[in-house]
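Asks: Keeping the supplied structure of chain Z fixed, place chain R upon it in accordance with the hints.
Protein chains: 2
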Amino acid sequence: MRWARFEQNGTPSYAVVEDDTLIPVRGSPFESWERTGAKLKLDEVKLLVPMIPPTFYAAGMNYPEHVREVAAKIGQKPNLPTQPDIGYRANNALIAQGETIVIPADATEQVQYEGELVVVIGRECKNLTRENALSAVLGYTIGNDVSERTWQKSDRTMWRAKNTDTFKPMGPWIETDVRLEDLVTRIRLNGEQHIEFSTNHMIFGVVDYLVAMTSCLTLYPGDMMWMGTEGATANMKHGDHIEVEISGIGTLSNPVVRAG
Amino acid sequence: MRWARFEQNGTPSYAVVEDDTLIPVRGSPFESWERTGAKLKLDEVKLLVPMIPPTFYAAGMNYPEHVREVAAKIGQKPNLPTQPDIGYRANNALIAQGETIVIPADATEQVQYEGELVVVIGRECKNLTRENALSAVLGYTIGNDVSERTWQKSDRTMWRAKNTDTFKPMGPWIETDVRLEDLVTRIRLNGEQHIEFSTNHMIFGVVDYLVAMTSCLTLYPGDMMWMGTEGATANMKHGDHIEVEISGIGTLSNPVVRAG
Numbered sequence: 001m002r003w004a005r006f007e008q009n010g011t012p013s014y015a016v017v018e019d020d021t022l023i024p025v026r027g028s029p030f031e032s033w034e035r036t037g038a039k040l041k042l043d044e045v046k047l048l049v050p051m052i053p054p055t056f057y058a059a060g061m062n063y064p065e066h067v068r069e070v071a072a073k074i075g076q077k078p079n080l081p082t083q084p085d086i087g088y089r090a091n092n093a094l095i096a097q098g099e100t101i102v103i104p105a106d107a108t109e110q111v112q113y114e115g116e117l118v119v120v121i122g123r124e125c126k127n128l129t130r131e132n133a134l135s136a137v138l139g140y141t142i143g144n145d146v147s148e149r150t151w152q153k154s155d156r157t158m159w160r161a162k163n164t165d166t167f168k169p170m171g172p173w174i175e176t177d178v179r180l181e182d183l184v185t186r187i188r189l190n191g192e193q194h195i196e197f198s199t200n201h202m203i204f205g206v207v208d209y210l211v212a213m214t215s216c217l218t219l220y221p222g223d224m225m226w227m228g229t230e231g232a233t234a235n236m237k238h239g240d241h242i243e244v245e246i247s248g249i250g251t252l253s254n255p256v257v258r259a260g
Numbered sequence: 001m002r003w004a005r006f007e008q009n010g011t012p013s014y015a016v017v018e019d020d021t022l023i024p025v026r027g028s029p030f031e032s033w034e035r036t037g038a039k040l041k042l043d044e045v046k047l048l049v050p051m052i053p054p055t056f057y058a059a060g061m062n063y064p065e066h067v068r069e070v071a072a073k074i075g076q077k078p079n080l081p082t083q084p085d086i087g088y089r090a091n092n093a094l095i096a097q098g099e100t101i102v103i104p105a106d107a108t109e110q111v112q113y114e115g116e117l118v119v120v121i122g123r124e125c126k127n128l129t130r131e132n133a134l135s136a137v138l139g140y141t142i143g144n145d146v147s148e149r150t151w152q153k154s155d156r157t158m159w160r161a162k163n164t165d166t167f168k169p170m171g172p173w174i175e176t177d178v179r180l181e182d183l184v185t186r187i188r189l190n191g192e193q194h195i196e197f198s199t200n201h202m203i204f205g206v207v208d209y210l211v212a213m214t215s216c217l218t219l220y221p222g223d224m225m226w227m228g229t230e231g232a233t234a235n236m237k238h239g240d241h242i243e244v245e246i247s248g249i250g251t252l253s254n255p256v257v258r259a260g
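Chains as they are written, first to last, in the numbering used here: chain Z, 1 to 260; chain R, 1 to 260.
Isolated chain Z, as found in the complex:
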């Protein structure tokens, strides 16, 4: 099942996606819901980000090749995580399917994509076990963890390197029927494939993170967790078009401009 969010008469509404059709619902996937009688053509609707999370979690470094690549780029030794310590990103930076990534005028050329699996929490939960952890997941969507590498190196935090407005494209929708081990992520810049990797080949997996996190904290419906990316990443420039596809979920597609 696919859940999208779109704007209807100025109000965000949830809808079920079936093939090329959007079926608006009353309610949301996080509570009770029922189909309305309406049907809309998917390609005539402007999608919103699938949800605005109460807390925006991100694993950061979570694939071995990527840890080595980024360490080389920012001039540090590779430092593979030894436990699933979750980090944070910020809601201001979220944009939806098709919206524009805006590189600020004072950014360097080192503005790069990171294609990531996004885990969407469906219910309030604490103290999850390895056995029941995935039952707290509503579904999965796709994120692009856009990063300015010189700021990532120079700053004490990642506030502007990763959370500048428009640096967190997410969507197009939440897919609930997913077998993690089958997923493949492909990243295309201007139609040319740059990276392909098995999405689930993480250093710490979805279950590892959920169990560790909920030993100390409560997760809430709509909370989300970005799971990191693999491999080297490349610069994006004005006029580029970046796509992150995860098999079985969909393709997140965004144009890139540089502010004048």
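All the given hints hold, so there is nothing to weed out.
Calculated lysine-lysine pairs in the DSSO-like style (CA-CA distance at most 30 angstroms, straight line): (1) K77(R) to K237(R); (2) K77(Z) to K77(R); (3) K73(Z) to K77(R); (4) K153(Z) to K153(R); (5) K153(Z) to K77(R); (6) K77(Z) to K73(R); (7) K237(R) to K153(R).
Hints listed in this document are in silico derivations from the structure and should not be mistaken for laboratory results.
All of these numbers come straight from a predicted model, not from anything done at the bench.
Replies: Frame of chain Z; chain R shown alone:
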């Protein structure tokens, strides 16, 4: 003017605080509002955290003595910030005036208070200037940035060191009439004063942060920024009572227990 939030018939409502009286309003301080006819006694009402922010910002290290003290505690060199790089905390950890800080069973004895000024954003804003930055502030409240120092030292992020459930007491209300330069913070553990400092003697001030942050990101109504703490901090243990007072705002008061 003082804004509090409380639960009325199962729904969070805003209210104006006048002396010992709570005057519920329709609406919120972030939109339009009007007083209802009701009046409640403040001491008969359970206050909620004054707001749940879209994004929870925190300056972290922002007072010179505290930077030196924490560096000594976690065995690192003191590293004074050279620019206002904002960080993040998480909404799951927020608790209100009077609610209980719960130290997890597996935490060490190094669970410590940090009394902080909290800046509450009143309107959507970007590209603030030094001249207009404070016009985006609705008011100020008080936060206690509870921290487990061994996790702060051992972990790759501060997810459990600072964002374990109940580790972010905040309140009791938002005060809109504040002269930053007049504020004094006092921290009392079991009634004994441990620290007193001029709240505004920060390494980077409220205006510095707002101008820097909004050069890259949009702030939204209800976003908040915790401004850091000064001096050495001490351990809190089961049965303790911790108070953070900021003159002209109020006193944030919370009991402490250790989970069995």
